[in-house]
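Residue numbers (the numbering used here), protein chains in the order written: chain A, 1 to 204; chain B, 1 to 204.
One or more of the hints may lead you astray.
List time: in silico DSS-like cross-link candidates among lysine-lysine, alpha-carbon distance up to 25 Å [claimed, not checked]:
1. Lys166/A <-> Lys135/A
2. Lys83/A <-> Lys11/A
3. Lys16/B <-> Lys83/B
4. Lys166/B <-> Lys103/B
5. Lys12/B <-> Lys83/B
6. Lys103/B <-> Lys11/B
7. Lys135/B <-> Lys166/A
8. Lys166/B <-> Lys166/A
9. Lys83/B <-> Lys135/B
10. Lys11/B <-> Lys135/A
11. Lys135/A <-> Lys135/B
12. Lys166/A <-> Lys103/A
Simulated from the structure, these hints should not be mistaken for lab results.
2 protein chains.
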Amino acid sequence: MTAPTGLRERKKAATKAALSAATFRLAIAKNGIGNVTADEIAADAGVSTRTFHNYFPSKEAALLYDFNETTSALLDDLRDRVKSQPVWDAIRDAAIAMHFDEKFDIEMMRCREQLIHESPSLIKEQSGQFMALFKEAIGIVADATGTSVDDLYPRLVLGSALVCIKTTTEHWLADPEGRSLPEAIAEGFAVLERGITRPPVQGN
Amino acid sequence: MTAPTGLRERKKAATKAALSAATFRLAIAKNGIGNVTADEIAADAGVSTRTFHNYFPSKEAALLYDFNETTSALLDDLRDRVKSQPVWDAIRDAAIAMHFDEKFDIEMMRCREQLIHESPSLIKEQSGQFMALFKEAIGIVADATGTSVDDLYPRLVLGSALVCIKTTTEHWLADPEGRSLPEAIAEGFAVLERGITRPPVQGN
DNA sequence: CTGAAAACTGCATGCTCTGCAAAATTTCAC
DNA sequence: GTGAAATTTTGCAGAGCATGCAGTTTTCAG
Chain A
1 MTAPTGLRER KKAATKAALS AATFRLAIAK NGIGNVTADE IAADAGVSTR
51 TFHNYFPSKE AALLYDFNET TSALLDDLRD RVKSQPVWDA IRDAAIAMHF
101 DEKFDIEMMR CREQLIHESP SLIKEQSGQF MALFKEAIGI VADATGTSVD
151 DLYPRLVLGS ALVCIKTTTE HWLADPEGRS LPEAIAEGFA VLERGITRPP
201 VQGN
Chain B
1 MTAPTGLRER KKAATKAALS AATFRLAIAK NGIGNVTADE IAADAGVSTR
51 TFHNYFPSKE AALLYDFNET TSALLDDLRD RVKSQPVWDA IRDAAIAMHF
101 DEKFDIEMMR CREQLIHESP SLIKEQSGQF MALFKEAIGI VADATGTSVD
151 DLYPRLVLGS ALVCIKTTTE HWLADPEGRS LPEAIAEGFA VLERGITRPP
201 VQGN
């Protein structure tokens with residue numbers, strides 16, 4: 001907040017945000033990011049096409065900028081938590097804390113979710129970012145627990161946890177049912193803690 | 001084998017396989033798929049560049065052709081199994097059965113794994129195919145159990161199972177330790193069945 | 001053998017993304 | 001303020017990807 005961010009850096013951040021916002025707006029307006037070109041985005045944000053590509057390698061990356069920021073913050077938080085918590089708890093609490101202050105615009109998240117869902121290129125981009133998240137998180141966990149990044153167990157734990165966050169969030173987004181996102185995430189984690197072999201209800 | 005496949009279809013299949021193989025060979029030879037062009041692949045397989053793009057939308061898809069075939073077969077198997085097994089068991093057994101006949105060239109899998117690991121574009125492509133697999137599997141499960149594709153529980157189960165397959169396979173590939181891949185997969189599933197909160201060894 | 005269906009090919013096109021070097025802008029020291 | 005240095009923006013050129021289209025060649029069935 002009160003950080004001594006120079007004017008230069010603030011302008012850069014503003015430009016980046018503007019480009020991301022322009023991408024989002026155009027993608028919605030034109031019914032899919034496939035119908036939007038880098039030229040249009042740049043024009044909409046008032047910079048040259050070349051500058052757009054200085055900030056983002058692709059329009060998909062521009063659209064998912066916020067998502068990327070969120071996961072980065074989650075990683076920072078996780079780095080702290082693993083010092084004092086078991087991995088599983090650390091991830092769960094980090095994810096919950098991330099969404100506790102309701103600074104997120106649900107309707108916007110829904111729009112983004114739909115855009116992603118309907119575009120193969122966006123699914124790929126997001127999945128790719130997820131894998132990067134996974135890879136970095138594995139490093140953090142290995143560091144904190146003194147295990148190797150190649151060990152099976154931490155990878156299983158992390159993978160399940162990330163799937164849980166993503167799945168639960170999507171499910172909640174489709175139908176909030178009155179509860180909050182943190183509550184939904186907590187429930188998802190609880191399901192996995194219980195062991196997933198047996199369904200909770202049906203006897204199939 | 002003795003299927004009444006017309007000559008035409010066999011030639012098509014051969015061309016597709018040749019293109020995929022050429023992609024793999026060139027990617028290894030040139031140290032990354034980023035250093036290979038569609039032109040080179042087509043030339044290596046003896047067809048025009050345009051024809052290459054008739055078979056595959058991208059070189060990444062060409063390289064992952066086998067992977068795609070394998071997951072398709074897994075889905076077919078899963079479709080049968082969910083009729084008589086709980087979802088979790090069905091996925092586990094399908095994955096295990098898939099790899100039981102050791103028709104897979106481990107060294108080749110390792111090479112492919114490394115190629116993927118080092119290329120963002122391949123990570124994205126594979127992740128995208130994984131999401132497609134997930135989406136289709138969800139449909140199968142929902143059909144078989146009479147649940148909705150939007151329900152949380154089957155999504156969590158499926159997600160965890162797929163992560164388990166992928167993670168375990170990668171881990172095993174890095175270090176087989178004498179046991180077979182089916183054994184490794186079974187172990188991964190067993191870990192998750194136990195519930196993942198508590199590590200098996202360390203008391204962290 | 002022949003006509004119909006399917007596959008292969010070249011060409012043109014539009015878009016993506018990167019490198020490079022010149023021009024414009026911001027920062028900083030004085 | 002002013003000028004030099006650092007940084008950012010920009011245009012241009014170029015390689016490559018991916019798709020539509022139309023003509024040619026190959027394959028298949030009867």
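TODO: Take the C-alpha atoms of Lys166/B and Lys103/B, compute the straight-line distance between them, and say whether it is at most 25 Å.
DONE: 18 Å, holds
Task: 25 Å Cα cutoff - pair Lys83/A, Lys11/A - done: Given that 25 Å is the threshold and the Cα spacing comes to 36 Å, the pair is violated.
Open item on the list: Check whether the Cα positions of Lys11/B and Lys135/A lie no farther apart than 25 Å.
Closed with: 41 Å, violated
Task: Pair hint Lys12/B and Lys83/B, alpha-carbon separation not exceeding 25 Å - done: This hinted pair is violated, its Cα atoms lying about 34 Å apart.
Open item on the list: Just to be careful, I want the Cα atoms of Lys166/B and Lys166/A compared with a cutoff of 25 Å; is the pair within it?
Closed with: Holds, because 17 Å separates the two Cα atoms, which is no more than 25 Å.
Open item on the list: For Lys83/B and Lys135/B, compute the direct alpha-carbon distance and say whether it is at most 25 Å.
Closed with: The given pair, whose Cα atoms are some 18 Å apart, holds under the 25 Å limit.
Task: 25 Å limit on alpha-carbon distance, applied to hinted pair Lys135/A and Lys135/B - done: 23 Å, holds
Task: Pair hint Lys103/B and Lys11/B, alpha-carbon separation not exceeding 25 Å - done: Given that 25 Å is the threshold and the Cα spacing comes to 23 Å, the pair holds.
Open item on the list: Please verify whether Lys135/B and Lys166/A have alpha carbons no more than 25 Å apart.
Closed with: Cα-Cα ~14 Å, so holds.
Open item on the list: Does Lys135/A sit within 25 Å of Lys166/A, going by the straight-line distance between their CA atoms?
Closed with: 16 Å, holds
Open item on the list: Hint check: Lys16/B vs Lys83/B, CA-CA at most 25 Å. Holds or violated?
Closed with: 33 Å, violated
Task: Given hint Lys103/A paired with Lys166/A - CA-CA distance at most 25 Å - done: Cα-Cα ~18 Å, so holds.
Hint compliance for this structure: hints 2, 3, 5, 10 are broken, all remaining hints hold.
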